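Residue numbers (our numbering), protein chains in the order written: chain A, 1 to 485; chain B, 1001 to 1164.
Watch out, some of these pointers could steer you wrong.
[Claimed, not checked] Result set (BS3-like, lysine-lysine): computed pairs, CA atoms no more than 27 angstroms apart in a straight line:
hint, chain 1, residue 1, chain 2, residue 2
1, B, K1136, A, K272
2, B, K1161, A, K211
3, B, K1013, A, K211
4, B, K1013, A, K350
5, B, K1076, A, K218
6, B, K1013, B, K1050
7, B, K1026, A, K272
8, A, K211, A, K383
9, A, K276, B, K1076
10, B, K1138, A, K211
11, A, K276, A, K383
12, A, K211, B, K1076
13, A, K127, B, K1057
14, A, K331, A, K383
15, A, K211, B, K1026
16, B, K1100, A, K218
17, A, K218, A, K453
18, A, K331, A, K277
19, B, K1034, B, K1013
20, A, K272, A, K218
21, A, K211, A, K276
22, A, K403, A, K331
[As the list claims (entries may be wrong)] Some chain A residues flagged as far from chain B (calculated, every beta-carbon gap over 10 angstroms):
hint, residue
23, R57
24, V81
25, P99
26, I132
27, E137
28, K211
29, R213
30, W215
31, T261
32, E288
33, E292
34, A307
35, E335
36, P394
37, E451
38, I456
The hints are simulated quantities; they were obtained by calculation from the structure and are not laboratory data.
Everything numeric in this text was worked out from a predicted model, so none of it was measured.
We put the beta carbon where it would ideally sit given N, CA and C, even for glycine.
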Amino acid sequence: MPKVTVNGKQVEVAAGTRVITAAQSAGVEIPHFCYHPALTTPANCRMCLVQQKGQRRLVPACSTVVTDGMEIDSEAEEARVNRKGVMEFLLINHPLDCPTCDEAGECRLQDYTGAYRMNDSRYAERKVTKTITNLSENVQFWGNRCIVCTRCVRFCQEVTGTSELGVFQRGDHNEIGVFPGPGKALDNPLSMNVVDICPVGALLARDYLHKTRFWFLKTTDSTCATCAKGCSIHVDAYRGEIMRLRPRENPQVNGFWMCDTGRLNYPYTHRKDRLKKPLVRKNGALVETSWEEAIDAVYQGLEAVRARHGPQAIAGWSSAWATSEEALLLKIFVEGLGGAVAGFSALPDKKEIILPKFTIPADRNPNRRGIQAHIGSRKTTTKPKGVHVLGGIPDYTLTPQEKELFSSLEFLSVQEIFLSELAQKAHVVLPGATPFEKSGTYVNAQEIAQELKAAIQPPGDAREDRRILEELVRTFAPQAAATAP
Amino acid sequence: MPSITEPAAALVKGFGITLKHLFSRKFTSQYPEKPHPIAPKFRGEHKLNKDGEGRVKCVACFLCETNCPAYAIRIKSAPAPDGWQDRERYPAEFEVDLLKCIFCGYCEEACPVDAIALTNKIPEVETSREAFILNKEKLLANADLPAATSAEKYLDDILKKWKG
Chain A
1 MPKVTVNGKQ
11 VEVAAGTRVI
21 TAAQSAGVEI
31 PHFCYHPALT
41 TPANCRMCLV
51 QQKGQRRLVP
61 ACSTVVTDGM
71 EIDSEAEEAR
81 VNRKGVMEFL
91 LINHPLDCPT
101 CDEAGECRLQ
111 DYTGAYRMND
121 SRYAERKVTK
131 TITNLSENVQ
141 FWGNRCIVCT
151 RCVRFCQEVT
161 GTSELGVFQR
171 GDHNEIGVFP
181 GPGKALDNPL
191 SMNVVDICPV
201 GALLARDYLH
211 KTRFWFLKTT
221 DSTCATCAKG
231 CSIHVDAYRG
241 EIMRLRPREN
251 PQVNGFWMCD
261 TGRLNYPYTH
271 RKDRLKKPLV
281 RKNGALVETS
291 WEEAIDAVYQ
301 GLEAVRARHG
311 PQAIAGWSSA
321 WATSEEALLL
331 KIFVEGLGGA
341 VAGFSALPDK
351 KEIILPKFTI
361 PADRNPNRRG
371 IQAHIGSRKT
381 TTKPKGVHVL
391 GGIPDYTLTP
401 QEKELFSSLE
411 FLSVQEIFLS
421 ELAQKAHVVL
431 PGATPFEKSG
441 TYVNAQEIAQ
451 ELKAAIQPPG
461 DAREDRRILE
471 ELVRTFAPQA
481 AATAP
Chain B
1001 MPSITEPAAA
1011 LVKGFGITLK
1021 HLFSRKFTSQ
1031 YPEKPHPIAP
1041 KFRGEHKLNK
1051 DGEGRVKCVA
1061 CFLCETNCPA
1071 YAIRIKSAPA
1081 PDGWQDRERY
1091 PAEFEVDLLK
1101 CIFCGYCEEA
1111 CPVDAIALTN
1121 KIPEVETSRE
1131 AFILNKEKLL
1141 ANADLPAATS
1151 AEKYLDDILK
1161 KWKG
């Protein structure tokens, strides 16, 4: 294994490592724009040039492979002067609109402008100005801010294999654009990742456009709840409202990326028709009530069914969007009453999407594996009369099998986020939480258990589903509560 | 036997003071009929300035909200309406909570486009917490009020006086 010295510190790295990565393991951050660990390295920004002992010229840290005994100095006078020169050239045409730029705060160009004290420009001529265009429904391109690092172009060539983007024009007129043609747009399933990899504010997500500023965001590391892949994500919230989702680096699951479907699957959390209070059916209509009354109504309802038809008539019905903890608690709850968990509802599969470096699975349920593990062995033989259902799947339509099962019930209690098809039939509706509002574990299609972390509070009186189930277990069977996790 | 001249002298002295004040300048003021004069540097209610076309000058950069030590400002930004050529974003909502505000004037100092300023206007007495929140309409209604002398200008004036 080659030994490299970076700024006086010796590190041992694997053969074939780039200097920029070796420097990172030595604790040295080499400034760069165009280099991205998951993409090829064209070395076109010239920001990462460093001094190598024995070489007359500076070498690009991003594309130079380490050799044994290499000595690198990133803070050499020559390297510093070069970086200042690169910055000066980049800032010739870059506008000074940081106060209104969405990237401000997480912008490399802004950081280095501060670091290298690029306060004044010697350039007195007219700046080249470019326009703002929409590359697609979701991505907007601000020409003025682009520094043509080509990260986005390479992403579309290498990761998605769709090659929609290219560099057009020459010299300082060159800019990123979609190859012309009827109906051509940046519309691949991963298109919004170009916003994350853009080192400046040239590519902006239209769902987050002008919403807030980066430094106000409260970031929670969580797991995406849109499909069985379970991408690791950052949930960025501001004042209890989700502003955007970003992928979190996880080499085992999603690498650096996430799909647009998952990234844009959060506005339902803030829909106006979210359930905020428990509902109990009185004289045929669902009316708002308190938690105590609603829990008591579930108790009364299920106990009545048990007294009339025996424990065999009680059943639980899980959801493939529930966490593993909720599934386990439902099992403890229902089996404590003598019944069994009969099954779970799940969204039907979509077509699998296979891209060169990313696969979006067909299964659209984030926790099918986790639920299957907790369904339990006991099976219902007779048709249930009293059922407790975990919902939480937005816009879910019941399957014929479920319609059959729920057709002749005497009592139905539902934990839901909206007044869904099933909730409208229920006797008690308990307002639950979306995956952004609850903590737990999701098991993805690769059987990797991942943590789901609450980023925001549920609206109104709604509670985390886990708390509701704990309350139910406590109410029904005090001895079962002692063994609950 | 006590003398009569001593208390008499004190009496005359006492009435003398009364008499003197009868003819001197009065220092009571007729508030609220006649309001007190307000110092030009007094910082009162905020205002949002308008540009040449009567639109709000603010570009919703959130720097005042960032800088506010009392968390009194709340902005909701949105893409600017069609036809606003000079900018891409504007404040859809702009609220200043006067109960939280400490009238330090940092918002004014942070503003890159001179959109927010503090005026001499004394905040009115209200009966609910909500009424103390200045929304965008109220802030724009204050637009024509003169701004309080900024800290910078105030210091400049003092320095000028010192230097003669």
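Now the hints, each set against the structure:
1. K1136(B) / K272(A): With Cα atoms ~24 angstroms apart, K1136(B) and K272(A) stay inside 27 angstroms; holds.
2. K1161(B) / K211(A): Not satisfied, since the Cα-Cα distance of roughly 47 angstroms exceeds 27 angstroms.
3. K1013(B) / K211(A): Between K1013(B) and K211(A) the Cα gap is close to 75 angstroms, so the pair fails against 27 angstroms, i.e. violated.
4. K1013(B) / K350(A): 105 angstroms, violated
5. K1076(B) / K218(A): 17 angstroms, holds
6. K1013(B) / K1050(B): This hinted pair is violated, its Cα atoms lying about 63 angstroms apart.
7. K1026(B) / K272(A): 63 angstroms, violated
8. K211(A) / K383(A): 51 angstroms, violated
9. K276(A) / K1076(B): Roughly 24 angstroms between the alpha carbons, so the hint for K276(A) and K1076(B) holds.
10. K1138(B) / K211(A): 23 angstroms, holds
11. K276(A) / K383(A): 32 angstroms, violated
12. K211(A) / K1076(B): With Cα atoms ~7 angstroms apart, K211(A) and K1076(B) stay inside 27 angstroms; holds.
13. K127(A) / K1057(B): 25 angstroms, holds
14. K331(A) / K383(A): 18 angstroms, holds
15. K211(A) / K1026(B): Distance ~58 angstroms between K211(A) and K1026(B) Cα, so the pair is violated.
16. K1100(B) / K218(A): Given pair K1100(B), K218(A) holds - Cα atoms ~22 angstroms apart, limit 27 angstroms.
17. K218(A) / K453(A): 13 angstroms, holds
18. K331(A) / K277(A): 25 angstroms, holds
19. K1034(B) / K1013(B): Violated, because 35 angstroms separates the two Cα atoms, which is more than 27 angstroms.
20. K272(A) / K218(A): With a Cα-Cα distance of about 23 angstroms, the restraint between K272(A) and K218(A) holds, given a limit of 27 angstroms.
21. K211(A) / K276(A): 25 angstroms, holds
22. K403(A) / K331(A): Measuring from Cα to Cα gives roughly 22 angstroms; hence the hint holds.
23. R57: Label holds. Min Cβ-Cβ 41 angstroms, cutoff 10 angstroms.
24. V81: 31 angstroms, holds
25. P99: 4 angstroms, violated
26. I132: Label violated. Min Cβ-Cβ 7 angstroms, cutoff 10 angstroms.
27. E137: Per Cβ check, E137(A) is outside 10 angstroms of chain B; nearest 15 angstroms; holds.
28. K211: 7 angstroms, violated
29. R213: For R213(A), whose nearest Cβ neighbour in chain B is about 5 angstroms away, the distance does not exceed 10 angstroms, so it is violated.
30. W215: Violated: least Cβ distance 7 angstroms, not greater than 10 angstroms.
31. T261: 24 angstroms, holds
32. E288: The assertion about E288(A) holds, with a minimum of 25 angstroms to chain B.
33. E292: 30 angstroms, holds
34. A307: 52 angstroms, holds
35. E335: 49 angstroms, holds
36. P394: For P394(A), whose nearest Cβ neighbour in chain B is about 25 angstroms away, the distance exceeds 10 angstroms, so it holds.
37. E451: 31 angstroms, holds
38. I456: 17 angstroms, holds
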